[in-house]
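> Assemble the complex: chain Z is given as a structure, and chain W must be docked to it using the hints.
Protein chains in written order, with this note's numbering: chain Z, 1 to 375; chain W, 1 to 257.
Just so you know, nobody snuck in bad clues.
Some chain Z residues near chain W, calculated using beta-carbon distances under 7 Å: (1) Asp60; (2) Pro106; (3) Ser340; (4) Ala341; (5) Ala342.
Keep in mind the hints are simulated off the structure, nothing from the lab.
Backbone N, C-alpha and C define an ideal beta-carbon position, used for all residues, glycine too.
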Amino acid sequence: MDPSPESEPAGLEQVDSTTWRCHGRWTVDGLGRLTRELGLRTFPGAGKLVLQGGGVQAMDTAGAWLLRSLLERLDAQGRQVETEGFPEHHMDLLARLDELAEPAAPAPPKPLRGVYRIGKASLDVLQELFELLSFAGETFVCLLRALARPWRIRWKAVLADMETAGMRALGIVGLLSFLMGVVIAYQGAVQLRAYGANIYVADLVGLSMLRELSPLLAAIIVAGRTGSAYTAQIGTMQVTEEVAALRTIGISPFEVLVLPKVISLCLALPLLTVFADVMGVLGGMVMAKLQLGLGFVPFLDRLNEAVGLRSFLLGLGKAPVFALIVVLIGCFQGFKVSGSAASVGHHTTLSVVQSIFLVIVADAWFSVMFSWLNI
Amino acid sequence: MNAADTVLELRQVQTRFDAFVVHENLDLDVRRGEVLALVGGSGSGKTTLLQEMIMLHRPSAGHIRMLGVDVLRAGERERQALRRRFGVLFQHGALFSSLTLLQNIGVPLREHTDFDPAFIDQLAYLKLRQVGLPAEAAHRYPAELSGGMIKRAGLARAMALDPELLFLDEPTSGLDPASADGFDALLLQLKQWLGLTVVMITHDPDSLWQVADRVAVLGDKRIVAAGPMVELADVEHPAVRQYFEGARAGRARTDKG
Numbered sequence: 001m002d003p004s005p006e007s008e009p010a011g012l013e014q015v016d017s018t019t020w021r022c023h024g025r026w027t028v029d030g031l032g033r034l035t036r037e038l039g040l041r042t043f044p045g046a047g048k049l050v051l052q053g054g055g056v057q058a059m060d061t062a063g064a065w066l067l068r069s070l071l072e073r074l075d076a077q078g079r080q081v082e083t084e085g086f087p088e089h090h091m092d093l094l095a096r097l098d099e100l101a102e103p104a105a106p107a108p109p110k111p112l113r114g115v116y117r118i119g120k121a122s123l124d125v126l127q128e129l130f131e132l133l134s135f136a137g138e139t140f141v142c143l144l145r146a147l148a149r150p151w152r153i154r155w156k157a158v159l160a161d162m163e164t165a166g167m168r169a170l171g172i173v174g175l176l177s178f179l180m181g182v183v184i185a186y187q188g189a190v191q192l193r194a195y196g197a198n199i200y201v202a203d204l205v206g207l208s209m210l211r212e213l214s215p216l217l218a219a220i221i222v223a224g225r226t227g228s229a230y231t232a233q234i235g236t237m238q239v240t241e242e243v244a245a246l247r248t249i250g251i252s253p254f255e256v257l258v259l260p261k262v263i264s265l266c267l268a269l270p271l272l273t274v275f276a277d278v279m280g281v282l283g284g285m286v287m288a289k290l291q292l293g294l295g296f297v298p299f300l301d302r303l304n305e306a307v308g309l310r311s312f313l314l315g316l317g318k319a320p321v322f323a324l325i326v327v328l329i330g331c332f333q334g335f336k337v338s339g340s341a342a343s344v345g346h347h348t349t350l351s352v353v354q355s356i357f358l359v360i361v362a363d364a365w366f367s368v369m370f371s372w373l374n375i
Numbered sequence: 001m002n003a004a005d006t007v008l009e010l011r012q013v014q015t016r017f018d019a020f021v022v023h024e025n026l027d028l029d030v031r032r033g034e035v036l037a038l039v040g041g042s043g044s045g046k047t048t049l050l051q052e053m054i055m056l057h058r059p060s061a062g063h064i065r066m067l068g069v070d071v072l073r074a075g076e077r078e079r080q081a082l083r084r085r086f087g088v089l090f091q092h093g094a095l096f097s098s099l100t101l102l103q104n105i106g107v108p109l110r111e112h113t114d115f116d117p118a119f120i121d122q123l124a125y126l127k128l129r130q131v132g133l134p135a136e137a138a139h140r141y142p143a144e145l146s147g148g149m150i151k152r153a154g155l156a157r158a159m160a161l162d163p164e165l166l167f168l169d170e171p172t173s174g175l176d177p178a179s180a181d182g183f184d185a186l187l188l189q190l191k192q193w194l195g196l197t198v199v200m201i202t203h204d205p206d207s208l209w210q211v212a213d214r215v216a217v218l219g220d221k222r223i224v225a226a227g228p229m230v231e232l233a234d235v236e237h238p239a240v241r242q243y244f245e246g247a248r249a250g251r252a253r254t255d256k257g
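Bound-form chain Z, shown alone (with noise of 0.2 Å):
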């Protein structure tokens, strides 16, 4: 079968007004040009027809194959056809395929189209949306049950994960805070230095990081990091059947898996919020000592006086929220993790996405429930 100097591509020609030759190999590496030309060539004439096998090299299925819906093709324009000088292991393989080809191949399912999308779209979004809701329902008696018998709380997960979702994360939480404070300061200082308003920077600084930027950016960063994280491990688990396992062994995925988690980021959150707090004033003290030349105590003195602890705590009371919603999804989108690596790869984005978008719709909601307040 080795391809000999002698070989050559597939071929048919007609020898006389009724018969035709095959040459060279019908095999899947001689057939290429053969299986497009086909299609265009015809047989002129009517009645008999002769096809010689004599001059084929070689044939395998996808050779048989096409010589079989030559034949198919002369049979349906009412010729007779006849084949003579095939190997008789050609014809054998010939022959097998009719009982393979039968039942004929099902036709792929349709995509769905228009209306049809949209309705299928937005019923997956309801029903993904009251399963997630059930899966938050599920967690928080979870945690209840959990708090009622505190010994029984995987502490050492709890500890464990606040080192990977908090310590690992204080040194991007800082840097983009700070550096998130020097943009602040330096938009600030050219419009507060036509006023003269130098001192204001702090007012400004402190105010927009401490309320809104430093919770945003630890959670957004927490999402990214620590909740894609999640997913992708429980969703491992999910394809490897341990989550399975912990559920025959008669463990709760939930105890194992989610309430550590829930435990260790609220409480990594609100501290990495924290630090981010303390970094982004510090980039902003540094930009206006640069800019405006207003020295690190005036600033301090400053900040101490425009932003009062109410504002900390209102920035800092919805890191614990940031965190509950980046752990839920996180870990809801890897319990929906089904059968394949495509599927791990699908929710690990979902987890991501929906998470970074529930975060800033929190993020907004809370701004209106402030203001509503008047805090």
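Here is chain W on its own, set in the frame of chain Z:
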């Protein structure tokens, strides 16, 4: 036996992971048209040997000649051409989970031929039917199928290009006895139809007795014996004995008789 009848030839193959020697002076011949079973205890290096044959792992020293090509010294073009001439069924099927069965089977065809998509789908469907899968399975995803169906589909993908040589890694492991018997029967049938040469790793005594023409036993870092099961019965090496002693081996042997 002349050289043309040997499709795969391993000579003096040596495999080392740092100081750990897996194979030493290993010789093995696979003849055209036979089913060769490769057996050996856990950790004897069966899987490594298979990976060396299918060019996924490079032995530390030695010669491997497949279908007339010196595998270890050939250029990348030659090796790429060689990859079209053998198929591999991995232990867990290794189907691409984001593709349907029909698309999975079509992957080698899409990669290596310039057929149009409709023709590829037809060929893939033929292969699907050839391994005994129902027509409805064509558009299902691997995650929706049973282990036996996944193995069959993996076999169909391995055979997509009508290879001369087929490597199977524990084809019947993880299958229930009925599915395993079905798979064995399928293998015999395909071998008869297509004149395939098959190299398979297996632990299944039934497969050894029913399917394999010859059995090569890996032990002491080399092939300690190779031959039909009936001949191996007289070999005294402990790596060989374990396939003849014990209840499972006994049952398979009685079935054969």
